[in-house]
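A.B. asks: Listed below, chain by chain, are the residues.
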Amino acid sequence: MAFWRRPGFQRRWDTFKRGWYKFSKNPVSVVGLFFVVAVSFLAVFAPFVAPYPEHAGRFVNFSEASQPPSLQHPFGTDVFGRDILSRVFFGFRYSLMMGVVVLVLVVPPGVVLGLVAGYWRGTWIDMVIMRVTDVFLAVPPLILALAVCSVLTPSVFNAMMAVSLMWWPWYARLVYGLASSLRNEFFVQAAEVAGASRPHILFREILPNCVSSIFTKMSLDMGWVILIGSALSFVGLGAQPPTPDLGTMVADGAKYLPDQWWIAIFPALAIMITVLGFNLIGDGFRDLFALEEV
Amino acid sequence: MTNAILEAVELKKYFLTSRGTVRAVDGVSFSLEETETLGLVGESGSGKSTTAYTVIGIYAPTAGKILFRGTEISRPVAKRPRSLKRAIQIVFQDPGTSLNPRRTIGQILELPLKVHGVGTKRDRKERVIELLRLVELPPEYAYKSPHMLGGGERQMVAIARALATEPQLVILDEPTSALDVSIQAKIINMLLKFQQEMGLSYLFITHDLSLMRNVASRVAIMYLGKICELAPTAEFFQRPLHPYTKMLLSSIPVVSPEEEALKPEKVVSQGEIPSPVNVPSGCRFHTRCLEKDERCSRVGPETVEVGEGHLVSCLKFAPQLASAAAAPGSGEVEK
Amino acid sequence: MTGALLHVQGLKVEFKVYEGVLKVLNGVQMVVHEGERMGLVGEAGCGKTTTMKCVLRILPSPPGKITAGQILFHGRDVLKMTFHQVQRVRGRGIAMIFQDPTAALNPVFTIGDQLMSVIKYGSRDSLGAREVRSRAVAVLHEVQLPDPERILTNYPIQLSGGMRQRVCIAMALSTEPELLIADEPTTSLDVTIQDQILRLLNALVERRSTSVIFITHSLGVVREMADRVYVMYAGSIIESAAKEELFSNPLHPYTQGLMRAVPKLTGGGIAEGIPGRIPDYLNPPAGCRFQPRCPHAWARCVNEVPTLHEVGQGHEVACFRFQEQ
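Residue numbers (the numbering used here), protein chains in the order written: chain W, 1 to 294; chain P, 1 to 335; chain G, 1 to 325.
By construction, these hints were calculated from the structure, which means they are not laboratory data.
From the three backbone atoms N, C-alpha and C, an ideal C-beta is built for every residue, glycine too.
Don't take every hint at face value.
[What the hints assert, rightly or not] Examples of chain P residues toward chain G, derived with CB under 8 Å:
1. N189
2. E258
3. S269
[What the hints assert, rightly or not] Partner residues are not named here, just some residues of chain P that face chain W (Cβ under 10 Å, in silico):
4. I90
5. Q93
6. R103
7. H116
8. S145
Throw the hints in and build the complete structure from the sequences for me.
C.D. replies: In structure tokens, the structure reads:
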């Protein structure tokens, strides 16, 4: 990093405070941030905060089976007598992991392809990249994931791979649109006239101006990916029992509706809170990156 | 001309669009002397900015030649040698868009230094501070982002960036049209000072004739991709000849009766500049001209020299040529 | 004096931002008389447009907030009106022309749709469809657009910038407002088109004896468009005078600096501009806001805020140099 990027603690602190001010102007995104932080905390520290950590896996205690919510088991117990609250905490782990892994696999290639195609808009490079993108966009991710998981063994790993394969084109599209208009901005032309290299123009001039949109989309996609993962588990093609996956838990509990409602309802609410949290954060990201004039 | 740093010969730049061919620049010739300022003036759609971008190499010319110190340079910037990129620089119109909002002033000024291999990080840092001092900005601005600066300060950064490579020719593309007059005054005076101190030559693109009166050594007026009048500044304002020049001059709002007296007798402006996709036949200005006659819609005028360095492209000033061209088929008749 | 149509008194506006409170308007005073063409000159960020937004009650709030002052239109305070009353003032009392005619017209509706809905809802009496249409044609004819019938069916993108601005003028005048606010209506246009639009506006307001507030940053343009000129700096009016008086005898140091900085057709180089930049609205300078840039500033300028003070026939200046005490 160039020397003026070493701004010292004060400058960094100021930047943080200003960022928080902009982010927190929208109370909704603060609520979202709260959900996400809470869910992440519970996921990371699940073994320590869950009241019955051993209930996460293969555990059976029929004497306490299907108990309604009580002080001992705030979310009740399932048919095997496992504490649902503890299983929900562990369930957050699988949901978040699903989202994070998919985004890590999906965002870098999508962004790079979008940048390249956008910068060389109108050339054969653009043609090739964007037509391939269009083909992938035409396949619904959930259906492909279903297909992959039913042909191969159903597992969380296969589900993530299938979803990733179908998800990168959205980033390519998004960045393509931004880059192809940014490439005509005068600051890009100024860099070209100065003789800057192509990687410099792509990654130092154009990419920083796309970051805001990419982050906003990522936070919305976290929600989507978690939903898809849960849906796969729900139909039995994702995580397999006794993995404490939220989708699997809802699927299991659905059999006992409406009498033992707590077995399905609480994991379902947990999915909702997680997805909602990420969706609400999106707007905050947009405000955070907005430039204000003096 | 003997001492030209830049020469454009029959320069053309067409763009192919779905609506047809846009003839943005359509045969423009001029030369820029060492350390002079040539003002290229025109309305939007006249092709003045396209001319500038073709010279700097953002566009490759469709036809014609650009000569820099006698060497042909008519190719896009990516294919130009590094020394040439160093020698020709540009200041864009709007500093709000010509400075990347996501980079600091320091990073922006460091880029040309990096590209042209200026020493170590420490050398570059010193040079950045030196450049900031040159445009009278404090060194701590290196850490700021463009959006934290006022419009005038941003344009000074853009000027500092252009000067970073120690160029010989700077293209100024409406450098003050987005700014207030009090800031414009400061920036123009700064530019004139740099010109003297560093021996720079300026190609000054603008729509502001009053500004050119005070800055340029020579003024050229463009209309629909062609130059219609070019003259030394004093001569240009005392003896405007082309009907379009007169219309422009008489449309300028001024602030004093002395200036009012200098304007040509009120020429009532009419019409709007036609689209460069459908260029009018004959003289391009005939659709708005108040002095046109029946020949003008058929015959395109040649450029003639009517005085010392005073070029006009109007049939009124080329009677012998006009009479020869009166018969259809001869002369430069457009389809 | 004839009756004051619009009277702005001591208008103060603040904007809340992360760093604190921007004190943008600092007691704006202005009067527009009936049938008068008033010019408001000032540089970017001086508060011209903010003032007009207050007059029309379209100031975004938050972050903006009117903290003091009155805006009397026909003697009634616009700031105290109900939404319904303000709506009525906007339609028939005050109309506005914006700087960018492209942004002011909706690209997905035809000129006819937009113009006719303005006439239909803005007019004093209810009109039939045929009546509305004939009025639309008449008003387009009045702004000298060729072939009004065809233009009614056009989309904004099919017209040139100058024609679009003519359409905007037609729209603004179609409801026969008493006051027309023109916010830099020619800034985005070329000089020959600007000349045409200015002539047209002048002719129209003269024929209808509409009052005008003409906002611009260009002294040259205001000289062609106004009977009386107000000069604004950093949130307050610092000088006002009849046009001829102001241009022949500018008194405030800021006005003088501005006049010097304008490039002249007569040549002679460009004078040094005004040193410094417009003040930081977060911590505006004490006393006169121009004092840090003023060549004549003295102790009193820092200690007290100057107010407008009549120094000659209708010539007011907010500067202590012209107040003996």
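A.B. asks: So which of those numbered hints doesn't the model satisfy?
C.D. replies: none
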